[in-house]
Amino acid sequence: MTEGWGDGLPLIPPTEGRVRMHLSKSGRFPDEVIAVLLPLRTECTVEKIAINAVMAGAPAESMPLLIAAVEAMAESKFELQSLNATTGSVVPAIIVNGPIRHTLKIPFATGCLGGVAGPAPAIGRALRLLIRNVAGQVIDITSQSTYGTPGRVAGIVFGEWEEKSPWAPLGERLGVKGDAVTAYGAMGTANICDMIGNTADHFLQMIGKSLAYPGANGFLPSSQWSETLVAINPVWAEVIGKAYPNIEDVQQKIFDYAAIPIDFLDPAYREPIDRCGRLQADGRVHLIQKPEEVFVMVAGGMGGLHCAMLHSWGTCLTTTKPVRMPA
Amino acid sequence: MNRGLILDPSAKRIDDISDPGPDLESLAGKVIGFRVDELWRSWDWVSEVWSEMLERDGAIVRFWRARGRTGEVGAEVLRELEAFTKTLDAAVVGLANCGSCTSWTIHDALWAAKNDIPTVAVATDHFEQLAGNLARRGGRSGLRLHVLPYPLDIRQKAEVHDIARDHYRSFLRTLGVRDRLAIQSAA
Numbered sequence: 119m120t121e122g123w124g125d126g127l128p129l130i131p132p133t134e135g136r137v138r139m140h141l142s143k144s145g146r147f148p149d150e151v152i153a154v155l156l157p158l159r160t161e162c163t164v165e166k167i168a169i170n171a172v173m174a175g176a177p178a179e180s181m182p183l184l185i186a187a188v189e190a191m192a193e194s195k196f197e198l199q200s201l202n203a204t205t206g207s208v209v210p211a212i213i214v215n216g217p218i219r220h221t222l223k224i225p226f227a228t229g230c231l232g233g234v235a236g237p238a239p240a241i242g243r244a245l246r247l248l249i250r251n252v253a254g255q256v257i258d259i260t261s262q263s264t265y266g267t268p269g270r271v272a273g274i275v276f277g278e279w280e281e282k283s284p285w286a287p288l289g290e291r292l293g294v295k296g297d298a299v300t301a302y303g304a305m306g307t308a309n310i311c312d313m314i315g316n317t318a319d320h321f322l323q324m325i326g327k328s329l330a331y332p333g334a335n336g337f338l339p340s341s342q343w344s345e346t347l348v349a350i351n352p353v354w355a356e357v358i359g360k361a362y363p364n365i366e367d368v369q370q371k372i373f374d375y376a377a378i379p380i381d382f383l384d385p386a387y388r389e390p391i392d393r394c395g396r397l398q399a400d401g402r403v404h405l406i407q408k409p410e411e412v413f414v415m416v417a418g419g420m421g422g423l424h425c426a427m428l429h430s431w432g433t434c435l436t437t438t439k440p441v442r443m444p445a
Numbered sequence: 061m062n063r064g065l066i067l068d069p070s071a072k073r074i075d076d077i078s079d080p081g082p083d084l085e086s087l088a089g090k091v092i093g094f095r096v097d098e099l100w101r102s103w104d105w106v107s108e109v110w111s112e113m114l115e116r117d118g119a120i121v122r123f124w125r126a127r128g129r130t131g132e133v134g135a136e137v138l139r140e141l142e143a144f145t146k147t148l149d150a151a152v153v154g155l156a157n158c159g160s161c162t163s164w165t166i167h168d169a170l171w172a173a174k175n176d177i178p179t180v181a182v183a184t185d186h187f188e189q190l191a192g193n194l195a196r197r198g199g200r201s202g203l204r205l206h207v208l209p210y211p212l213d214i215r216q217k218a219e220v221h222d223i224a225r226d227h228y229r230s231f232l233r234t235l236g237v238r239d240r241l242a243i244q245s246a247a
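Taken in order, these protein sequences are the chains called F and S.
Under our numbering, read the first sequence as residues 119 to 445, first letter to last.
Under our numbering, read the second sequence as residues 61 to 247, first letter to last.
Be aware that a few hints might be false.
[Claimed, not checked] A few chain S residues that don't get close to chain F, going by computed Cβ distances all over 12 Å:
(1) P82
(2) G118
(3) E140
[What the hints assert, rightly or not] EDC-like, lysine to aspartate or glutamate: derived pairs with alpha carbons at most 20 Å apart:
(4) K195(F) to E132(S)
(5) K195(F) to E136(S)
(6) K295(F) to E281(F)
(7) K217(S) to E281(F)
Bear in mind the hints are in silico, worked out from the structure with no lab data behind them.
These numbers come from a predicted model, not from an experiment.
Where is the CB? At the ideal position from N, CA and C, for every residue including glycine.
With the sequences and hints as input, model every part of the structure.
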């Protein structure tokens with residue numbers, strides 16, 4: 119703790135023996151450089167990942183997933199440097215696809231975004247310690263996040279309930295079949311509840327309109343992108359999937375509904391939004407710039423009723439990497 | 061009590077350039093480039109005042125506006141930044157006025173500074189420490205920083221213009237201008 123290596127929570131001492139056990143499950147050499155992490159521009163080796171995983175309490179078997187997550191966050195299009203410095207409250211959410219969800223007990227059903235006893239918080243915490251100890255993100259030194267977010271302690275690590283999804287898994291749609299991690303720059307999680315709707319269009323309308331709150335980063339004229347992640351519960355997903363078996367149609371519907379009339383905002387906001395081409399001929403402004411930026415996945419409990427929306431920060435582009443298990 | 065060895069989870073960058081780099085010395089005939097952004101109108105207002113004063117004092121001023129950082133746009137922006145900084149005798153890069161824009165400001169300032177030209181990153185007071193820390197972690201702790209008041213962007217245009225005029229001489233000193241222009245009081 120006195121070395122500044124921790125997050126304030128108790129840490130497991132990374133002894134040589136414990137680190138060696140983690141390394142043995144990685145299938146990699148300890149000095150292999152997985153990525154250069156920003157803002158410190160330091161080399162993140164397999165050994166550094168193992169040390170921080172031990173400290174966080176992440177299981178040794180999660181090493182391949184951790185390595186893939188580091189690779190995803192380090193992609194240049196993910197813009198880790200500014201993500202780590204921003205006044206925003208963004209944190210890389212890690213979405214897991216493939217059989218590894220089961221072997222690592224990554225939650226994708228009831229309570230998947232928090233509360234399930236299992237390794238996901240420790241895996242998320244390992245990634246957060248890596249961002250602190252190797253990438254160098256430290257509040258008031260290299261980060262000016264005005265509020266931060268609870269996800270910056272134990273991360274946001276959850277899976278997709280692929281078996282309940284009427285669509286292909288998110289990872290596969292983003293280019294990686296099977297075991298995959300997707301890094302998404304999330305501004306936390308928020309809830310959508312609907313106890314009245316009973317059709318696909320009801321649910322999609324409620325999701326889209328809920329997404330479009332005026333202070334969302336996606337509306338900022340300076341936001342390069344407006345990616346948006348929606349985790350739909352399996353009950354709603356079944357209804358929506360029957361009406362819209364093509365995921366592109368679901369994306370288009372959410373895109374269409376996630377808009378506000380420009381007159382809803384003070385006139386001072388019109389000119390900057392219009393200047394960057396975001397004001398439509400019908401007088402509306404879309405939260406999302408194109409339907410492909412809507413990421414839909416299935417997760418959550420069979421209790422239904424709720425949907426999780428994870429707005430993006432607006433600069434980083436979502437990246438997906440395969441999880442390579444040791445031979 | 062038993063004692064055991066634990067391994068270091070951190071990584072550190074040890075290379076550093078603490079030298080601020082060359083001074084501009086004088087303004088006459090020098091090409092000075094302003095890197096502006098799409099975020100801060102206050103920085104547009106400061107840079108338009110400074111550019112007028114620089115031209116009045118004999119410099120040639122050019123502008124380049126940074127845009128997105130990722131995807132195809134990001135790649136194009138880097139190519140433009142490279143081409144822009146190659147044409148300059150000095151670079152003025154801003155504005156570090158939030159977390160992410162501080163990281164981009166420092167990134168672009170370090171890019172200009174590697175061409176061995178006088179380079180000033182401009183930050184508002186609240187983000188000075190972040191700017192300095194990111195410059196250090198970018199391997200150049202000596203990067204010149206000029207600090208403007210904070211908050212800046214919620215002030216009216218005339219007030220920001222006044223601030224720009226008040227800061228002009230000290231800005232010249234940060235840039236390394238050593239002639240009478242940098243030491244006489246503001247007009």
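Hint-by-hint comparison with the structure:
Under the 12 Å C-beta cut-off, the non-interface status given to P82(S) relative to chain F holds; the minimum distance is some 24 Å. Even its closest Cβ contact with chain F, about 34 Å, leaves G118(S) beyond 12 Å, as expected for a residue assigned away from the interface. Residue-level check passed: E140(S) sits 15 Å from the nearest beta carbon of chain F, beyond 12 Å. Between the alpha carbons of K195(F) and E132(S) the distance comes to roughly 9 Å, so the proposed pair stays at or under 20 Å and holds.
The suggested pairing of K195(F) with E136(S) holds, with an alpha-carbon distance near 13 Å, which does not exceed 20 Å. Our distance criterion of 20 Å between C-alpha atoms is met by K295(F) and E281(F), whose separation comes to about 14 Å. The suggested pairing of K217(S) with E281(F) is violated, with an alpha-carbon distance near 58 Å, which exceeds 20 Å.
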